[in-house]
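Peer 1: In case you want the letters, here they are:
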Amino acid sequence: MTDLLTPKRLTMRIILSLAVLAAVMLVCSLVGTQKVSLKAVFAGPGNEPGQNTDYEILVRVRLPRVILAALVGAALASCGVVLQAILRNPLADPYILGVSSGAGLGATIALLSGITWSFWGGSPIALFAFAGAITTVWLVWCIGYFTGKLQVTNLLLAGVVVNAFFTAVIMFLMSIAKSEELRSTVLWLMGSIAEKETAVLTASAGCILTGIAALFSICYRLNILTLGEEEAKALGVDTTKTRVVAFGFAAFVTAIAVSLSGLIGFVGLIIPHGVRLVSGPDHRQLMPLSAVIGAAFLVIADTIARIIIAPAQLPVGVITAMVGGPFFLILLAKHTRKVGWLK
Amino acid sequence: MNAVIEVENLSFSYTPQRTILKDLSFEVRRGGFLAIAGPNGAGKTTLLNLLCGLLRPKSGSIKIDAAPVESYSSRKLAQKVAVVRQEFVPVFGFTVAEIVSMARMPYLGLFGFESETDKEFVSEALEETDTAQFASRPLYQLSGGERQRVFIARALAQNTAILLLDEPTSLLDLKYQVGIYDLLKTAQLKKGKTILAVTHDINLAAQYCNEILLLDTDGSYHIGKTKDVLSPEQIEKVFSVRIFAGSLGQEKFFIPLGKFAKDSYLTANEPDSSEQKKS
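These protein sequences, in sequence, are chains A and B. The first sequence begins at 1 in the working numbering and counts up by one. The second sequence begins at 1 in the working numbering and counts up by one.
Everything labelled a hint here was simulated from the structure, so no lab data went into it. The reader is advised that the hints may include incorrect statements.
[As the list claims (entries may be wrong)] Some chain A residues well away from chain B (every beta-carbon gap over 12 Å; in silico): (1) Gln51; (2) Ile67; (3) Ala85.
[Said to hold, decoys possible] On the chain A side, residues computed to face chain B include the following (Cβ under 8 Å): (4) Pro7; (5) Asp54; (6) Thr226; (7) Glu230; (8) Asp238; (9) Arg276.
[Stated by the list, open to error] Derived PhoX-like pairs: lysine-lysine, alpha-carbon spacing no greater than 20 Å straight-line: (10) Lys185/B x Lys225/B; (11) Lys175/B x Lys185/B; (12) Lys8/A x Lys119/B; (13) Lys237/B x Lys259/B; (14) Lys225/B x Lys252/B; (15) Lys76/B x Lys241/A.
Think of the CB as a built atom: it goes at the ideal place given N, C-alpha and C, for glycine as much as any other residue.
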C-alpha cells in the first residue's frame with residue numbers, strides 16, 4: 001500500500017523537476033554563438049539601450065525564445081498524455097484529432113495569400129493556424145458526436161479522415177504555389193521556435209498554463225477513464241463531462257502551441273511514454289511531470305537546432321525526432337518489463 | 001419492507017422490433033444472493049446495466065433503497081452499487097493497489113488523494129481476496145483468476161451495500177470458480193452484502209445463491225428460491241437442452257447432455273448411439 005501517490009510525494013517530485021527545468025533553461029540561454037557572461041548580465045541593462053550587449057542578448061533574445069520553447073514543449077507533452085488517456089490509445093498524440101492539418105491549412109492559406117497585416121503583435125500566420133486548428137477540432141468533434149456519441153473509435157476515425165482531407169488540400173495549394181512561398185510553407189510545417197513579441201508570449205503563457213491547470217484537475221478521472229467507459233461510469237465518473245473538458249482544453253492548448261511554433265512532432269508522443277516508463281501511469285503525476293520534462297526537452301532540442309549549424313538554424317522538429325528517437329529507444333530497452341500492457 | 005432492490009413492470013428493448021425484458025417484476029431483500037441465469041440474449045447483462053443506471057428502462061421502474069435509480073447522481077449510485085464486469089483489457093500498466101484504490105473514487109475529492117480510512121478499505125479488500133501479495137505488481141502480469149479476484153477486491157473496497165457481477169467465473173478454472181463464489185458468499189454472510197450475479201453456471205448458483213431469476217428469450221421469467229426454480233424440466237425448457245439431474249446430500253446438480261453423451265439410459269434411442277458403441 002505504500003506505493004500509492006500522496007500529495008507530499010507529488011509536490012516534491014514536481015518541485016524537483018521544476019528545479020531541473022530552471023537549470024536547463026538557464027544553461028541553454030547562456031549557450032550560443034555569442035558568449036554571454038552571467039556576471040555582465042547581472043550588472044543590468046545600463047543607462048542606454050544596447051549599452052550592455054550581454055544583457056540584451058540574454059534577456060531580450062535568448063530568454064524569450066527559451067521560454068517559448070518551454071511553453072510549447074509543456075503544452076504538447078501534457079496534451080499528449082491527456083489524449084492517450086481519453087482515447088485509451090498509446091499511439092495518440094496532440095495532433096491526432098486534426099489539429100495539425102487544420103493549423104497547417106490555416107498557415108498555408110496565410111502564407112500563400114501573402115497577407116501582411118498583423119494583429120496585436122501576432123503574425124497573421126499564427127492567427128490563421130489557430131483558427132484552422134480550432135475549426136478542425138470542432139469539425140472532428142461534431143462528426144464524432146453525430147456518428148457515435150463521442151465513442152473513441154468514431155472520434156479517432158473522424159480525426160484520421162479530416163486529417164487526410166485537409167492534408168490533401170494543403171498539398172493541392174502547395175502544388176500551385178510559387179517556389180519562395182512554397183519554401184516558407186514547408187519550413188513552417190516543419191516547426192520552429194522563433195522569437196515572439198513579449199505581449200504574444202505573455203498571453204500565450206497565460207492561456208497554456210491555465211489550460212494545463214484545467215487538465216490537471218481531471219487527471220484522477222483520467223486514471224479511471226483508462227478502465228473504460230462502463231467501468232468509469234460505475235465508479236461515479238461523469239464520463240461525458242470529463243471528455244468534454246479533456247478534449248476542449250487539450251485542443252485549445254495544442255492549437256496555441258501549434259500557432260506559435262508550427263508542427264513540432266514527436267514531443268507529444270514520446271515524452272508521455274518516456275515519463276510513464278519511469279514514473280508509472282498515474283496521471284496526477286504523469287501529466288505535470290510530462291509537462292515539465294517536455295518543456296526541458298524542447299528547450300534543449302531548440303538550443304541544438306540554434307547552434308548546430310550556426311549561423312544557420314535547423315527546424316527544431318528535425319532535432320526532436322533525431323535526438324528523441326534514440327533516447328526513447330534506450331529508455332524502452334531499460335524498462336521493457338514495464339510495457340507489457342503494450343502487447 | 002426489507003427489499004433493497006425493487007423492480008416493477010420493467011421493460012426494455014434496444015430496437016422496437018425486439019423486446020429484451022418484458023414486464024419484469026422482482027425484489028431482492030437486503031443481504032440476499034440472487035443468481036440471474038438464462039440463455040444468451042435473454043437480457044441478463046442488460047438487466048445488470050439497467051440496475052446500475054447505465055441504461056434507462058423503456059417502462060417500469062427500478063428502485064434502490066426505495067428511491068428510483070435515476071434519482072441518484074452517478075457518484076451517489078456508486079456509493080450504493082458496485083459492479084464487476086467480465087474481464088476488460090487494462091491499459092497503461094496500473095498496479096493492483098492502484099486499480100483497487102480507484103474504488104474509492106465516489107468518496108474522494110477532485111484530485112483523488114486517499115485518506116487513511118480509504119487506505120484501510122483498500123488494504124482490507126486486498127487481504128480478504130488474498131490479493132495483497134500482488135499489490136505492487138501491474139495488473140497485466142496476473143493470470144485471469146488472479147485478475148478476477150482483484151476486480152472483486154475493487155468492488156469490496158467500494159464499500160457498497162449491493163454488488164452486481166457479470167459472469168464472475170466465466171474465464172476461470174474449477175478451483176478459482178469455487179474460490180470466487182466462496183469469497184462472494186463470505187461477503188454476503190459476514191458483511192451483509194446484497195449480491196446479484198449473472199451466471200451460466202446453474203450448479204454454482206444452486207450451491208451458493210438463495211434465489212434465482214431465470215430469464216427466457218421470449219421475455220418470460222421465473223424467480224424464487226433456487227431449489228424451487230431449478231428443476232430439470234424448467235432448465236430443459238429455458239435452455240432447450242437435455243439435462244441429467246442428480247443430488248449429492250442436499251446439493252442438487254445438473255449436467256447438460258449433448259447428442260454424443262455416453263449415457264446408455266439417455267442415449268439408447270439416439271440414431272447414432274450404435275455407431276458410438278462400435279467405435
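Peer 1: Run every hint past the structure and note whether it holds.
Peer 2: Against the structure, the hints come out as follows:
no., hint, verdict
1, Gln51, "49 Å, holds"
2, Ile67, "28 Å, holds"
3, Ala85, "8 Å, violated"
4, Pro7, "5 Å, holds"
5, Asp54, "43 Å, violated"
6, Thr226, "5 Å, holds"
7, Glu230, "6 Å, holds"
8, Asp238, "6 Å, holds"
9, Arg276, "7 Å, holds"
10, Lys185/B x Lys225/B, "16 Å, holds"
11, Lys175/B x Lys185/B, "15 Å, holds"
12, Lys8/A x Lys119/B, "16 Å, holds"
13, Lys237/B x Lys259/B, "17 Å, holds"
14, Lys225/B x Lys252/B, "13 Å, holds"
15, Lys76/B x Lys241/A, "17 Å, holds"
The structure fails to meet hints 3 and 5 from the earlier list, while all remaining hints are met.
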